[in-house]
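Peer 1: Residue-level listing of the chains:
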Amino acid sequence: MTGLGHYLRFEVLRLVRNVRYVGISVGFPVVFYVLFLNNEHPTARIAGTNWKTYFMVSMASFAAMVASLNAGGTRLAAERASGWTRQLRVTPLPAWGYVTTKIATSMVIALPVISLVELTGLLLGGVRLGPVTWAVLTVVLWVSALPFAALGVLVGFVASGETAYPLVTALMFLLSFFGGLFTPVTDLPTVLRHVAAYLPSYHDASLGWAVVAGRAPGADHAGVLLGYAVLLGLAVTWRHRVEESRAFA
Amino acid sequence: MGPRGGGARLGNADIEPALRFSGVVHRYRSVVALDHLDLEVARGETLALLGPNGAGKSTAISILLGLQRPQQGAVSVLGTDPRSAMASGRVGAMVQVGGGSGLPHGVRIGDLVAMTSRLYRRPSPVDRTLERAGLTGLADRQTQRLSGGQAQRVRFALAIVGDPELVFLDEPTVAMDVEGRRTFWAMMRGFAQEGRTVVFATHHLDEVDAVADRIVVMRRGTVVANGPASTIKAAVPTRRVRFASPGADPVRLRELDGVDAATVHGSEVVLDSLDADATVKSLIASGVAFSDIEVTGADLEQAFVALTGDLADAHTVDDAVALPVSDAHTGMDL
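Chains as they are written, first to last, in the working numbering: chain A, 2 to 250; chain B, 888 to 1221.
Any given hint might turn out to be false.
What the hints assert, rightly or not - So the derived list for chain A, only partly shown, Cβ under 8 Å to chain B, looks like this:
id: 1; residue: H7
id: 2; residue: N19
id: 3; residue: Q88
id: 4; residue: R90
id: 5; residue: V91
id: 6; residue: F179
id: 7; residue: A211
Unchecked claim - Non-contacting residues of chain A with respect to chain B, defined by C-beta distances greater than 10 Å in every case (computed):
id: 8; residue: G28
id: 9; residue: S116
id: 10; residue: R242
As the list claims (entries may be wrong) - Example chain A residues on the side facing chain B (calculated, C-beta under 8 Å, incomplete):
id: 11; residue: F11
id: 12; residue: T92
id: 13; residue: P93
id: 14; residue: L94
id: 15; residue: P95
id: 16; residue: W97
id: 17; residue: P190
id: 18; residue: R194
Read the hints as simulated data drawn from the structure, not as lab findings. The C-beta atom is built at its ideal place from N, Cα and C for all residues, glycine as well.
Work out the full structure, taking the sequences as your base and the hints as a guide.
Peer 2: This is the structure we're talking about:
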């Protein structure tokens, strides 16, 4: 394993051992799923599937988003505040290694987080999907978590140690509520439906909703997410450069 | 792993000095941070880099660590450019981390040092590094449960775990108490004696005197003094005249020939003089009663003040914040 591989493993273990982080990233979505599981009639159809399946996808997207925002945002800001990022800069770890490791950490964490919500759907929600659909759903939700991994890192660079947590919390709330993760977009007022169309959270979950309804994931949703990933990636690169030039000036 | 560095290997690169600045100029807008800086550090040398805030130390440090490129002039570290030297793992560093611990939260110290060691090609064993940094009993301690001094020692461990040939330490003892500092410098000396090059910056001038082979004093982006502590002190005309004189009047003492400053503590009088002979003669002529007179050379702090013309900056605001007042005081008087 290279130095970067060891650093990634170290970061992932650090997160997994953090009870509060795991509680927020996995606990919240699972608890929300169980709480709102019976909000709709079992036979009610929504976007070509039933509520338990639909809402499982919502919560899996939510979980991946929460896990990424917290892994990147809050912790990266804290590490900048503590001076750890400065100390790392004077090791052989390349300057880009820190950022890529942070994004990779979010992605590594997102996979089990999504799977755990799916498992809850299977065991407690009685969600029944074919093995291929399960696999495709997992991969689709996982890949589309990338913009959130980048967003988390960006927040970590922009926010200070004190402002990161409220900023992450606000983003979590806005993206999940207005993205239709708690109330289906079709139930939202028209104005908010237009807002949803601009949010990555809506497009992320939409890909999953399409998969469980047996439809092909829409290229429009994928396109928006890709656009977000590229934009946020560029923003992260830019902030990282700024940070580097400032850190020791 | 045995000692490496200076004497241990004799490749071509070892003929090169550990560190060389040649005519380095660096500006921030209109402010000149480095003004044709020339500086060389030999392999195996322990060098103290001193200077008031704004003297260009921070810029020189960030250039030698490869964090900034010099705008003009050349810099070589271990015979190569600073970035390659850092990337190859032959340089270790302890940088200033502002008010924080410099460590990530929620990690065992042993795990943190182990992870860092894996970023290097030929690291020292983790156990040995922990032992060297005085952290053996703390390997299982979480990073957020450390005192300021312990966190500094962990950062020292991170700086040396790669078995570096050149170690750079910027204010390494800033959060330590007196005893902690003494232990720290003992550890550092042990490390330097293995043939490694150590460059450090500090505001605790008493430490410099005891630890450094050579001192470089910077002012306004250039070197104003360069040599062993004894040479630097001797170059300054200030002498210290000390005697006992119950009820002495400081105002009157200040009027004696050659006196620059006078302090009276009870019956003890200390005069800083630019001409000790004249001062003693005029003291006798003044008729002031005195006993136990002693004339000594300048200490490093006086030399520093004379060279840089800057008393206020000899001790930074950082020190005052990071240390209890009593520590900050005794730290300088030891």
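Peer 1: Could you run down the list of hints and mark each one as holding or not?
Peer 2: Hints and how they fare:
Residue-level restraint check for H7(A) holds (minimum Cβ-Cβ distance to chain B is 4 Å; threshold 8 Å). Nearest Cβ of chain B to the Cβ of N19(A): about 6 Å, under the 8 Å cut. The hint holds. Look at Q88(A): its Cβ gets to within about 5 Å of chain B, closer than 8 Å, so that hint holds up. Because the beta carbon of R90(A) sits about 6 Å from the nearest beta carbon in chain B, less than 8 Å, this interface hint is met.
Given hint, V91(A) at the interface with chain B, holds; its Cβ is 4 Å from that chain's nearest Cβ, closer than 8 Å. A distance limit of 8 Å between C-beta atoms decides the matter here; for F179(A) the minimum to chain B is near 32 Å, and the interface restraint is violated. The interface hint given for A211(A) is violated, since its Cβ lies 38 Å from the closest Cβ of chain B, which is over the 8 Å cut-off. At roughly 18 Å from the closest C-beta of chain B, the C-beta of G28(A) stays outside 10 Å, upholding its exclusion from the interface.
Annotated as non-interface, S116(A) keeps its C-beta farther than 10 Å from every C-beta of chain B; the closest such distance is 24 Å. With a closest Cβ-Cβ approach of about 13 Å to chain B, R242(A) is found to remain outside the 10 Å limit, as its non-interface label requires. Hint status for F11(A): holds, given a least beta-carbon distance of 4 Å to chain B, under 8 Å. Checking T92(A) against chain B: minimum C-beta separation of about 5 Å stays under 8 Å; hint holds.
Nearest Cβ of chain B to the Cβ of P93(A): about 4 Å, under the 8 Å cut. The hint holds. Evaluation of the L94(A) hint against chain B yields a held restraint, the C-beta minimum of about 5 Å falling below 8 Å. With 8 Å as the threshold, the beta carbon of P95(A) comes within range of chain B, its nearest partner Cβ sitting at about 7 Å, so the hint holds. At about 12 Å, the closest approach between the beta carbon of W97(A) and any beta carbon in chain B exceeds 8 Å, and the interface hint on this residue is violated.
A cut of 8 Å between beta carbons decides the hint on P190(A): the least distance to chain B is about 42 Å, and the hint is violated. Of the supplied interface hints, the one on R194(A) is violated, with its beta-carbon coming no nearer than about 41 Å to a beta-carbon of chain B, more than 8 Å.
Going down the numbered hints, you'll see the structure goes against 6, 7, 16, 17 and 18, while the others check out.
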